[in-house]
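**Q** Sequence lines, in order, name chains F, C and L. Each residue of the first sequence is one higher than the one before, starting from 1 at the first, in our numbering. Each residue of the second sequence is one higher than the one before, starting from 1 at the first, in our numbering. Each residue of the third sequence is one higher than the one before, starting from 1 at the first, in our numbering.
Some clues are possibly wrong.
Think about it this way: if two alpha-carbon atoms lie no more than 30 angstroms apart in a straight line, the pair counts; the simulated DSSO-like pairs of lysine-lysine are [as the list claims (entries may be wrong)]: (1) F:LYS248 x L:LYS34; (2) L:LYS229 x F:LYS145; (3) C:LYS275 x F:LYS78; (4) L:LYS34 x L:LYS21; (5) L:LYS246 x L:LYS34; (6) F:LYS256 x L:LYS246.
These aren't lab readings, by the way, just hints derived from the structure by calculation. Treat the numbers as computed from the prediction; the structure is a model and nothing was measured.
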Amino acid sequence: MSFLSIQDLTVQLKNGMPLLRHVSLDVAPGEVRALVGESGAGKSMIGKAVLGILPKAARLTGGKILLDGEDLQTLSQKARRQRIGARAALIPQDPLTALNPSRRVGPQITDRLVDILGWKRPDAEKRALELLEEVHIQSPDRVMKAYPHELSGGMRQRILIASAFAAEPKLIIADEPTTALDVTVQKQILKLIREMQQRHGTALLFVTHDLGVVSKIAQSLTVLYAGKVIEETTVKDFFAAPSHAYSKALLAATPKYTDPQGSLTPVPESVITAVEAEVAAFDEQARAGTRP
Amino acid sequence: MRDARGNIRRLPGIRLWLSGGWLTFLVLAAIFAPLISPHDPLAQDLFAGRLPPFFEQGADPAYLLGTDSLGRDVLSRMLYGARLALIVALVAGTLTCLIGASLGLIAGYYRGWVDLVISRFIDIWMAFPPVLFAILLIAVLGTGLMSVIIAIVVIDWTRFARVVRAEAMGQGAMDYVASAQVAGRTRFGTALTEILPNVLPTIVALLTLEMGIAVIVEAILSFVNLSISTDQPTWGGMIAEGRTSIYQAWWVLVFPLFALFLTVLSFSQLGEGLKDHFDPVLR
Amino acid sequence: MSETIYELKDLRVSFPDMSRKPLLGAAPRIDVLKGLTFDIPRGEVLGIVGGSGSGKSTLGRALTRLIEPDSGAILFEGTDITHLHEDRLRPLRRRFQMIFQDPMSSLNPRRRVGGIIAGPLRLQGLDNIKCRVDEALDMVGLPRHFATRYPHELSGGQRQRVGIARAIALKPDFILADEIVSGLDVSSQAQVLNLLESLVKDLGLTLAFISHDLSVIRRLCTRILVLYKGEIVENSETAELFANPKAEYTRTLLDAIPLPDPEQAWF
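Pulled out of the complex, with its shape left as it was, chain F reads as follows:
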């Protein structure tokens, strides 16, 4: 039984331009699913749709998002916010802007617990300290009282991870959480995310453009192009042999220092043309209603 189930999700700009085209995917408890694609493929948009934070210019025009079997679209605005707040959380991309620079770190972690889950403040603070220890922060008391600018990027990302796990969500959406970090820090953060996810048995939807990262953290992946699912498979099968030509080209373009001649091959024009045609044909089918 999957914890998050997205069925036929369609998101469009107000002018009708599609951002997501009938996307379906599932994430089971304890599973890590990677969402892969180039910029504009709509991979972040899926996470935003699930969390109910779509940008103003976009709107959900079709499909279902089931969180723990419950269709979010059938709920009232308020009930939906409450459900999402209690069951899902986000690890954002940019640790620099995700924390309010003029507030201390501690309250920024406990706010969620107090406001959404109605905890008492001392309990929330105790929990925050535990969490900071769990993400391997050396002196949690000191960090709780620190302002974000006093901490390094990696440290801030640890705090955001702690904060995401604070309310014991069953689903975490990580939106390119290491893109802004150095490779060495990236490794530590990925390790931490994996460790936390395994310990808490969380379902994790991991948005990234880096297939190297996918191969390390995920068990399954969904490849997107122009908001359409191109391939959906397990990590093991994908890296053994991707089935779609576009996925194959994407893998060949990924840098691999152990194979300088065989990697960093640009996606051929013919592959782009073919996948564009596939998306167009898909739209045509969807319009004609012949697709099941």
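Based on the hints, put chains C and L in the right spot on chain F.
**A** Same frame as chain F, but now just chains C and L:
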């Protein structure tokens, strides 16, 4: 995503037309005031005092918007008043902009001691209470059109300097400025060709805003009898005179007030519209 | 023509640390580059690698004299440019060019592509500007009619090509590329790297390529300089560095790269 934003930002077209329309009308009225005014704005006719506007009872069709307590034609006085309002707006606005924006650009782009000197100067300048400053200036310079313009420029250049400085500082940190330097462009050349075009939308918006402010300041100074000599009709002067007879002849106050309101609103809306128009990213 | 393009001797750069500036008085200075000595021979493609805070971008900006070093010396083809005044530097500038990390911020949003490429050519007083712009666009594989477009109308990869075109249009001896693929999608990244590789071959360019990511530079670079906290910790031939990394930090960097291979034991 760009498309969506473009669509949302494109809506202001209508306000650009409305505000531009009113201001064009005003400019034409000001230019042709001597030709289209039905009466001499200064001519008094004590037998025709406080005549109501055309839509009220007892109106004289020769005085479309009525007369004031001295029997002067409100419409004619407003048309001539528009001349002064616009002259003040254009001249004071432009001068304020030139002085303030240049200093802001220099401070924001050159930084260092130049910035230090200009910024401290701005801080000190802004510590003077503006209205007292203006009244003091006019007391020293004497009343008259030039004094009003000088007073506005002297008070308000800091607004431009501050905003343009901040904007130029932001642009100065962009890589295309470094890139111009790598290409061998001089500091001054970079300020002119790289920075200025990017702060221009802001300057345009501020300029039109300033024109609106100039109209208001002129009206305020007229209201306290410190603007241009009392026998020249100004909107502020009319409002001041109308205030004394508001219960007997509301039109003497309301019509110039409405013109003032529309004009100031139009200037600020024009600025917003032009700002978008000047931006190739949004265009 | 000298065989060494750049010669650096004990280069030191420091910046004021505004975050620790006392209420009154000057801010304390942080040493960003702590005495770097190395050469860049003609025809070399040098990779400059390091994490954030390693000083790699500062080194790039010192090489192109966007910043003035505190001490030490930078010799460009034998000329000491360390403290050269901007007026004296200007004629030399044509010969060392730079491609920037973020093509969105390095291309003036209010100028068309043609104007962006032509700007430096005009400044250096060259003739046949139109021809040179077309030639540069051809070389980076952009259609000539792109000259009339604005930067925001292009994709990330195309913008970065414009940045490259602007640099090569001047036919410089040396180009510094500062993290130019880190903001791009993998396919654009591969395209831009391939383009640079062929330009180096065709034009005989000397190139310094700054990156935080060792994995993208193996094929392109002939030698790699690893910086850590403002110091050179390794300066090796590329093959040598990957086969047998000498510095502890180089090994850490290599270990941190996630290879696209689920079989590799990584964590």
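**Q** Hint compliance check: list the failing hint numbers for this structure, sorted ascending.
**A** When the structure is compared with the hints, numbers 1, 3 turn out to be violated.
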